[in-house]
Amino acid sequence: MPITGDFPSGHETIRLRAFVELSRCITAVSELDMNLAHNHLAHLSSDPKVRTDLDELLTVWMSAQGSPDEEEALRRALNGSPLAQVAAVVLVLWYTGGLLVEGKLDYPEDDPEPYFGALLWEAIGAHPPGQSGGYFGHWRYTPDNS
Amino acid sequence: MGESHDVIVIGAGVAGALLTYRLRRKGHRVLLIESGPVIDRLEAVKAYATADEKTPGSPYRKLWNAAMRPDDAATDPGRTYYRQSNDPFKSTYQRAVGGSTWHWLGNVPRLVPSDFKMATLYGVGVDWPLSYMDLEKWYAEAEIELGVAGRHEQWDGLLGAYRSTPFPMSEIWPSYSDLLVEEALRGKSFDGVRLEVLRTPQARNSRPYDGRPACAGNSSCVPVCPIQAKYDASLHVQKAMDHGADLLANTTVVRLIPDSESGVITGAEYVGKDKTRSFASARLVVLSAHAIESARLLLHSGIANSSDQVGRNLMDHLNRFAWIRARTPMFPFRGPPTTSGIDAFRDGDFRRTRAAFRLSLGNDGAGRAVKLESTVMELAEKGLLGRAFRDALRGKTETLFRISCSAEVLPRPSNRIAQASVKDENGIPFPLMHFRPDDYSRAGYLYAETVMKRIFDSIGYEDAAKFEADESTFSGAGHIMGTCRMGSDPRTSVVDANCRSHDHPNLFVVGSSVFPTSGTANPTLTVAALALRLASFLDRALAST
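Those protein sequence lines, which keep their order, are chains A and B.
1 is the number of the first residue of the first sequence in this note's numbering; add one for each residue after it.
1 is the number of the first residue of the second sequence in this note's numbering; add one for each residue after it.
One should not assume that every hint holds.
[Said to hold, decoys possible] Each computed PhoX-like pair below joins lysine-lysine, with the alpha-carbon atoms no more than 25 angstroms apart:
no., chain 1, residue 1, chain 2, residue 2
1, B, K62, B, K46
2, B, K423, B, K371
3, A, K104, B, K273
4, B, K396, B, K453
5, B, K54, B, K90
6, B, K371, B, K396
7, B, K62, A, K104
8, B, K396, B, K90
9, B, K62, B, K382
10, B, K273, B, K382
11, A, K104, B, K396
12, A, K104, A, K49
13, B, K46, A, K104
14, B, K466, B, K453
15, B, K382, A, K49
16, B, K466, B, K423
17, B, K275, A, K104
18, B, K382, B, K466
19, A, K104, B, K371
20, B, K423, B, K54
21, B, K46, B, K275
Honestly, the hints are just simulated from the structure, not real lab data.
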């Protein structure tokens with residue numbers, strides 16, 4: 001179902017779905033954790049300015065959605081736009097777990113999941129420090145996804 | 001609690017924990033007093049994961065009053081635990097049950113025989129009042145207590161360090177990059193010294209041991225192991241308590257009180273969490289509060305310092321590192337931060353004029369030089385996204401490789417902790433730090449960098465190898481030593497070869513504070529060996545009176 005531009009509070013589910021689909025595109029990861037997605041969206045939306053910017057980004061995303069190469073279409077749509085910075089914030093949030101604020105990362109005070117669920121580690125063939133999920137000696141071999 | 005014990009042990013780090021455990025097993029009544037709190041491991045891991053900066057103190061930052069915690073004091077400008085002179089000191093430690101072994105790396109090489117005889121052999125530093133062989137059996141016992149993994153045939157006799165027993169566990173497996181480096185250096189030498197890559201002995205389980213699991217390569221050893229595969233001294237504190245030791249955590253000893261005539265320490269005045277003051281007495285008192293706190297307490301108590309050496313001869317190992325982008329993937333950020341090293345430069349006649357050093361091969365990319373999160377931000381802000389972003393992130397990361405050197409420091413009276421004019425909440429002056437390394441150490445680490453360059457050349461790299469630009473730049477290793485050094489001469493040392501104060505017959509000091517020289521070994525195994533040796537001595541002393 002096509003997503004329209006307005007996101008009144010009664011349509012948060014639709015907004016979440018749009019955010020997830022945007023996130024899949026910009027992270028190049030199709031299997032995203034839905035709990036994290038919900039938390040990231042809430043984190044981004046907690047600041048009114050960021051929420052407004054994000055909604056604009058989601059509108060741009062919808063215009064790119066359905067293109068033969070959605071990633072390229074989105075990149076062209078963001079080229080030269082201030083919304084490119086918003087996309088960068090979303091990307092950094094998924095890849096590090098921290099919200100990029102004035103050049104620094106702000107992690108949620110009491111929730112370790114954004115850090116442990118950060119996409120950075122799997123992308124580089126490693127694991128979050130503190131949560132390897134590996135067997136003794138796995139570091140001797142190439143990563144399973146190399 | 002004002003009742004008497006046989007022994008009061010002040011400081012529940014690895015020295016105090018082992019000592020308390022061994023004395024309790026012999027049936028002696030022991031009171032272990034620790035200024036810091038008990039740490040909950042899961043809460044520490046959670047605090048680490050939610051920290052904006054993953055510093056050594058990040059898991060412990062919520063535990064208690066920041067004004068009383070030395071962790072991160074040297075690196076966080078907002079923290080003022082250290083009062084720094086114009087010569088700032090750069091290493092930190094933990095005040096907690098288990099001490100700095102919560103955030104340590106876990107490397108446990110032994111000192112080499114020459115480290116104990118620097119003055120005799122090389123005309124620098126001082127000699128210890130005991131030899132490597134005096135300590136050898138205690139090294140072996142310490143390796144069992146901590147649970148050390150290593151390869152015996154690599155280390156037996158290395159630089160003269162005989163080993164009477166094999167390691168309790170076989171080695172921690174090398175990393176993928178260790179094996180690449182080893183192959184690249186096969187048959188190669190530098191200045192006639194073979195560049196042999198050795199498996200670093202580690203207090204980290206290579207199999208289930210002592211009720212703890214094998215290492216799973218969580219890579220967060222510094223600052224916290226989520227599963228206690230890496231040894232920390234809370235293990236022996238718990239064992240001591242299981243054997244009936246009394247523990248007072250969140251309790252700070254503020255003064256040791258001597259009898260004015262005999263010099264016997266009558267006991268310890270302490271402040272509990274509720275701020276009430278109490279007094280505990282014992283036949284023997286052992287100070288094992290690490291190099292800075294032990295000196296602080298002695299200085300504040302005005303005792304044990306007829307030599308004027310308390311607080312002096314402050315030592316640390318000086319760390320520098322360099323890194324490359326190798327031509328081949330090294331797959332960093334997996335396994336412990338380091339699993340192999342080059343130990344060939346830890347001794348030699350060159351020590352007459354320049355410091356010895358140890359080289360560690362890193363598994364953590366470029367260490368502090370390239371923070372992964374910064375790479376993510378940089379690529380995102382360039383407008384990269386999607387597949388292009390992921391490919392660039394991987395490409396910038398998987399070839400990173402660093403080598404660190406850890407250079408020895410000679411004892412100098414001017415390197416010291418003194419008493420600041422500002423006092424803490426218990427009325428004890430904060431430590432005023434003076435630490436200026438000399439040309440001896442600088443020459444050592446600059447020479448180390450020529451060796452590192454040769455190693456990088458053997459591996460092959462893109463662009464240029466990155467070294468520290470400023471020759472005087474170094475970081476602390478967290479190996480704080482020397483402030484209550486042992487020696488035969490009461491005029492130039494604080495304790496004798498049995499860690500007994502020259503000035504007070506029932507006062508002992510144990511830990512890295514008693515090291516007369518630094519050598520190049522991470523100090524913890526030597527600390528543990530000295531603690532076990534002291535426990536045996538105290539057991540005999542208590543039994544004979």
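Hinted pair K104 of chain A and K396 of chain B, Cα distance within 25 angstroms: 20 angstroms, holds
Take a quick look at whether K423 of chain B and K54 of chain B sit within 25 angstroms of each other, Cα to Cα. 29 angstroms, violated
Straight-line Cα separation of K104 of chain A and K49 of chain A no greater than 25 angstroms? With Cα atoms ~18 angstroms apart, K104 of chain A and K49 of chain A stay inside 25 angstroms; holds.
Restraint status (C-alpha distance of K104 of chain A to K371 of chain B at most 25 angstroms): Holds. K104 of chain A to K371 of chain B sits at ~12 angstroms (cutoff 25 angstroms).
Restraint status (C-alpha distance of K466 of chain B to K423 of chain B at most 25 angstroms): Between K466 of chain B and K423 of chain B the Cα gap is close to 42 angstroms, so the pair fails against 25 angstroms, i.e. violated.
Given hint K275 of chain B paired with K46 of chain B - CA-CA distance at most 25 angstroms: Violated: K46 of chain B and K275 of chain B sit about 29 angstroms apart, past 25 angstroms.
Check whether the Cα positions of K62 of chain B and K104 of chain A lie no farther apart than 25 angstroms. 21 angstroms, holds
Decide if the proposed pair is consistent with the structure: K423 of chain B and K371 of chain B, CA atoms, cutoff 25 angstroms inclusive. 37 angstroms, violated
Assess, step by step, whether the Cα of K382 of chain B is no farther than 25 angstroms from the Cα of K466 of chain B, and give holds or violated. Between K382 of chain B and K466 of chain B the Cα gap is close to 24 angstroms, so the pair holds against 25 angstroms.
Does the alpha-carbon distance linking K275 of chain B and K104 of chain A stay inside the 25 angstroms limit? Distance ~39 angstroms between K275 of chain B and K104 of chain A Cα, so the pair is violated.
Please verify whether K396 of chain B and K90 of chain B have alpha carbons no more than 25 angstroms apart. Since the Cα atoms of K396 of chain B and K90 of chain B sit roughly 30 angstroms apart, the hinted pair is violated (cutoff 25 angstroms).
Within 25 angstroms, alpha carbon to alpha carbon, are K54 of chain B and K90 of chain B? Distance ~17 angstroms between K54 of chain B and K90 of chain B Cα, so the pair holds.
Comparing the model with each numbered hint stated earlier shows that hints 2, 3, 8, 9, 10, 16, 17, 20 and 21 do not hold.
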